[in-house]
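Listed below, chain by chain, are the residues.
Protein chains: 4
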Amino acid sequence: MYEVAFEDLLISRLGEPQFDTEQVLGRKVEGMLDNDRILFHRHLSDVSGYAQKQQKIPVVELAGPRSRLFFKPQDTRIGIVTCGGLCPGLNTIIRSIVYTADQYYGIKTVYGFRYGYSGLNPQVGQPPLPLDTNLVDNIHMQGGTILGSSRGPQDSAVMADYLASLGINILFVVGGDGTMRGAMELAKEMEKRRQPISIIGIPKTIDNDIAFIERTFGFETAVEEATRVIAAAHMEAKGAVNGIGLVKLMGRDSGFIAANATLASCIVNFCLIPEEPFHLEKFLADLERRIRRRQHAVVVVAEGAGQDLIPAGQEDFDKSGNKRLQDIGPFLKKEIIRHFTARQLEANVRYIDPSYTIRSVAPTGDDNVFCLMLGQGAVHAAMSGRTAMVIGYRNDHYIHLPMTLVTRFRKKVEIKGRTWKTVLDTTGQADYAA
Amino acid sequence: MYEVAFEDLLISRLGEPQFDTEQVLGRKVEGMLDNDRILFHRHLSDVSGYAQKQQKIPVVELAGPRSRLFFKPQDTRIGIVTCGGLCPGLNTIIRSIVYTADQYYGIKTVYGFRYGYSGLNPQVGQPPLPLDTNLVDNIHMQGGTILGSSRGPQDSAVMADYLASLGINILFVVGGDGTMRGAMELAKEMEKRRQPISIIGIPKTIDNDIAFIERTFGFETAVEEATRVIAAAHMEAKGAVNGIGLVKLMGRDSGFIAANATLASCIVNFCLIPEEPFHLEKFLADLERRIRRRQHAVVVVAEGAGQDLIPAGQEDFDKSGNKRLQDIGPFLKKEIIRHFTARQLEANVRYIDPSYTIRSVAPTGDDNVFCLMLGQGAVHAAMSGRTAMVIGYRNDHYIHLPMTLVTRFRKKVEIKGRTWKTVLDTTGQADYAA
Amino acid sequence: MYEVAFEDLLISRLGEPQFDTEQVLGRKVEGMLDNDRILFHRHLSDVSGYAQKQQKIPVVELAGPRSRLFFKPQDTRIGIVTCGGLCPGLNTIIRSIVYTADQYYGIKTVYGFRYGYSGLNPQVGQPPLPLDTNLVDNIHMQGGTILGSSRGPQDSAVMADYLASLGINILFVVGGDGTMRGAMELAKEMEKRRQPISIIGIPKTIDNDIAFIERTFGFETAVEEATRVIAAAHMEAKGAVNGIGLVKLMGRDSGFIAANATLASCIVNFCLIPEEPFHLEKFLADLERRIRRRQHAVVVVAEGAGQDLIPAGQEDFDKSGNKRLQDIGPFLKKEIIRHFTARQLEANVRYIDPSYTIRSVAPTGDDNVFCLMLGQGAVHAAMSGRTAMVIGYRNDHYIHLPMTLVTRFRKKVEIKGRTWKTVLDTTGQADYAA
Amino acid sequence: MYEVAFEDLLISRLGEPQFDTEQVLGRKVEGMLDNDRILFHRHLSDVSGYAQKQQKIPVVELAGPRSRLFFKPQDTRIGIVTCGGLCPGLNTIIRSIVYTADQYYGIKTVYGFRYGYSGLNPQVGQPPLPLDTNLVDNIHMQGGTILGSSRGPQDSAVMADYLASLGINILFVVGGDGTMRGAMELAKEMEKRRQPISIIGIPKTIDNDIAFIERTFGFETAVEEATRVIAAAHMEAKGAVNGIGLVKLMGRDSGFIAANATLASCIVNFCLIPEEPFHLEKFLADLERRIRRRQHAVVVVAEGAGQDLIPAGQEDFDKSGNKRLQDIGPFLKKEIIRHFTARQLEANVRYIDPSYTIRSVAPTGDDNVFCLMLGQGAVHAAMSGRTAMVIGYRNDHYIHLPMTLVTRFRKKVEIKGRTWKTVLDTTGQADYAA
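Protein chains in written order, with the numbering used here: chain A, 1 to 434; chain B, 1001 to 1434; chain C, 2001 to 2434; chain D, 3001 to 3434.
In silico lysine-lysine, BS3-like type, Cα no more than 27 Å apart, as pairs:
id, chain 1, residue 1, chain 2, residue 2
1, A, 334, A, 282
2, C, 2056, D, 3056
3, A, 412, A, 323
4, D, 3416, C, 2028
5, B, 1028, A, 416
6, C, 2333, C, 2282
7, C, 2333, B, 1333
8, A, 53, B, 1056
9, B, 1072, A, 421
10, B, 1333, C, 2323
11, C, 2028, D, 3412
12, D, 3028, C, 2416
Simulated from the structure, these hints should not be mistaken for laboratory data.
When you get a sec, could you build the whole thing from the sequences and use the hints?
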């Protein structure tokens, strides 16, 4: 259990919301959620721990419309920016924000900043794209992002100036933890300037590893696509003498996609993830045993797995500041071939690196619903004057979480938890952590 | 909030589990969950309600392996039966049970009873199918159930005799609330006879309306398929002068599929569900307005919607005891045509009843993972001697729930809740409940 | 063999093409096809028959660009109209025409007439939609037609007047044989008026039954979709006691979709098509035998099959002049139930009428290529001054065929031919024609 | 046009077929094709060329059952072997052969040799797998080959001995031109030994480049899959500043997949194939222009393209004797980055090498029909005593072609032909051959 205090879950506000929602919108809008709260924790041991220590039990706000607004719709100008790598559902979120702004609040001015934060720096970026419901009507059916994306930060002051010059009151930022850190700096800059701009994040990580959030958009779709690739590897493995299908999947720091795709496909024999360092020689010996017994095998490896095994190259970082990983896929392929060659045992390794094909597809129906709800929640939160927060998902509810909380660390597959145990049981692979 | 007492969540047991799991299996099996509990409720108001009333706060057991076993694997004989209509994922559950029994516990005898409860009555049914890992290896990639299914109960005494004659210790029952009621009667019969057979349910309802359970298997897949059909209706609607795509979806008592498919596809203009009775003339007038303004419309109707509007035919029931519904689809088509004809306004209604095509497909990757976990949880629960319970899902965890609890009522779409409000916001349709 | 004379294949022209293509376009354009011809027949017996009778062997022109143009691009104004029921690929054809007109010839004026021929009658229809490459850029990825469609003719004189008033020189007509008859009348009207408008047809029939044409667009996609439905029926059949999956597929006059979907899925036990009348009682007896032996069966029936078996209702015609068929699906379901009930043999019939879901999907990649080529061929043919012809496909080539030829009759599944024999061999069903 | 002498189309026979088919099978089997022939050529110029030279016009036999059999079913033992790389449809062909042997001729003994020709050498290979209709019932729904495959030849004498020892009369060989050469040698060995074994080939090349054959199985499916990958590249390209999606597709010697996938997806800007050598600097300059104008681009490159541009590495050959190609994908990526870096122009290259994921999928419905017909034709041809031939497809018919003919050369995309011209028109790319 991660220590989270009651106070950690308090949401920042730009100020007191002064307008009555129903009066402003001229109609009854039900489902107000001003006072509803859900418990942040669900394990009895966690909850009772607070009670014993006589601490307040942490609770979170639910996403949704509020009875009072901070912004008047006719004075509201919205910006959206999508940052980092592609992830299924980006367009659905854009669409949901534009539609909610227009149809719920009557806000007509929504700018889509182009290519990540660079679009918020007029020196380097392209001018924003005015968005309306016509333009975004069908975009949820396609992958990618109509705004484009990019990695890396921009100067907060420059962005603040630019937003001010455009009269933006609300900025929606879709991106990973690096993006959220950029958003927090921007929020601080705003606060310093006493410029009341609401900054609401929608956490994006195809790897599903944002802290304290049960599920992030696009993850389910990615798992679905990954199972297609694993099925191909399986067919290749069975189609060759001692065939070994080797698939590299996304997962820099965490093995959620690898683990879930392994469970979803039921045909993986070895699943290697960053959370559980594996012994190369033990793995190769186990693989050999499997091949001798069954003549084919499927190996799934998360891109961040086994980094300690690869001789270090030059240290290198991408624009998001992520350390460039050594490429575990070709390394493993080479090692497998070396191992089998040394034993004069034929082995046909079919290596598949599906790379961009997984993250660029259109979302599944379920991810579409998820993105729709995230987008709506984001607009409602912003209109109420909340800021420096994200829309998250936990305990079957869409919730508000402070940006400071979700950037604390990256979530990991718990190697003592049910999911990973089930992976071990399903693959029959050795538990290197045991 | 539904009143659930702490005691409502206690799980029945056949007796004290006497065998040490690790000793019996001859290996360390981690992830034991003997004492872990999660809170049943998550709303602060719910939880604090119990505290104020000085009642125990309801908590639930987590699904997973236990440190002590009631059954000795070598003496254990397992039965599986699938009942009611098809639902994506049935085969994955069968596969998961067979694999967990074999690979985790070394249990080799698993019988698949054919065609629902009729397979438990040797007078009417067919002999059971012996299942092993070879037979079930690839079945998770296909829809349907390899065991077959049927509706309706059989006599508890007859089933108890038959199970006894086969030496079955554990029976897994996959089915809806009717099926679970049958299972409870069987469990009572067993208790009466002091025949220690564990009966574990895996709740099946493609409509996702089992009480107190957040998600049931196959639902996500059904929504995914339904969006395909809605896309077809949309194309048909746009392709004709004043085209109206009318789609009937599953949902006898609840509109979860209709509501979620509406959100997932983002192109529905009217979503009609049983929970919110609609005024026929108002709906027709709204539809007319939409057609005059936009020249096309998509209408999704759950099969249980609008039953009050249709002149009653003869009362009729299916073998599961479900009242046969009047067919809302053709009724609505006829009424729409009548309305537009009367106004001399051309309208081209394209009615689609996708019926069996939605429920018979193979599960999505995510549903596969879900079914895998349900199956594993079921075997672990049975081996520990638990009975008359189901494997459920709540608060992001797989849990144990008493059968008595989940058959209390059927879950409904809350028409004051976020999902339905979002449907209203997304479609722009009138809120008949307002 | 159908008698086709050399003269039957001559293509009408508006006049002598006077402009040199390369000179007009200002660049070299290779792949000119002025003199290339392919043989219409391929059976030795057919070809030698002409030789013996000392008749000219029929040959056809290939589709593609010509070295001389009849129309000057800068004076050319194009119209497109899509008629009849939806068919996968309509949008790809529209896109291909717009792109070829713009990028190959530099023609900027392309009107899309709305909702079939009604869009060519300003009294009843809606104004045309100006089309350009931006508008049509992504439409090939979606089903339906962005122009809309409708059934039924309009007065030739009215359409001719309207086309003249808009200055249209070229009209592309996408539709079935009824549509082509309308196009021929319009072409005659033009000739009478000495109004040089080229009218080029692109034959549309999801049933693949246009005379003398090997393949029509959308057919392959329809078969692909139909196999999905048959797979569902198969799962339903296997999932129930004596389950019978009954699927009605398109095919008013011909069973091409039913036959090909039967072959494509390999799991159909009975395939009923209009070309081979079946004996109801014999079919039911065979079905009973199959059920007794194997406990499940899949029956595919084309909508036009068995019309002679159904008690005639009132004669009725749709706007295209097609006689409304009796609904064979429910009739067959009722008869099957009657038969099994009389024998006190349980049977669970699952009837699926996928209706609009098959014809409204996006085309497969192969159908996309096909539509692209048809659209390009159509523009080239029109620019050379050809008229009253269609773009067809035969002997692996895209060709020109006179409209008079392709409307002579509707193609049928040859019940003595290889495809149908293979259906009989594959299903094992009786040959009612034997 | 390639000159084809009349003799080339004569099909070898093991001897006179002595048994009356209907008498042997005890039932009427219609659709006998003893005397039907179709013309090999279809271009008027080709056909008239023969006439002018007073040569006989080449004609081909149609695939299908014959009125007389060479083999008696009860004495017939069949072998099947699949060689070379995976290709969608292999299992459907296996299934079709087994079903036709069993259900049409009543032949129960069918051996599936494992892992290509190595399965025909008992010294190195694994024992054959006995096949029956139960075993192969559902295999057409999955990719790969249940027999496994491998590259490379085995000694003819060894294989002949082994076939003799097993009493095999008929061997079906599924593979590429190398495989067919092996089959011809085996046929010669058989002839030398006067061992009457029929050897029938089913040409496999996912690249669709078998000489004189219009279409090979799996090609359509591969194009379908390739369009999915291209769509991903498109999304990636549009999602990044100056994004360039670079996709490597199969096509060692020919660009059919690249060209058709380009047409099928309509979103490719540059398609590079082996048949049209491209100028690297010109390509880069054109790509730069495209990026400056439109900010994104999609490049498809066949694996055999641009080999002349890559500095030669060590010459290397795979077991099939194919020269290992230099890897054009990473080379092109590097060159693009070099080019843009030199111009200080940002460019984000997203390189996708889908590799095995394309060839290992299950076939489309249309490819399933195709494979079914090939398999049936092969069995009929063998039973009539034909040998050293393949089942091909041409002029819309399944035909018999001598193995000698189809191994003469590999088919190429005609760079003056309609398909390639259409690629140039569609992409707008330069014609390097001009």
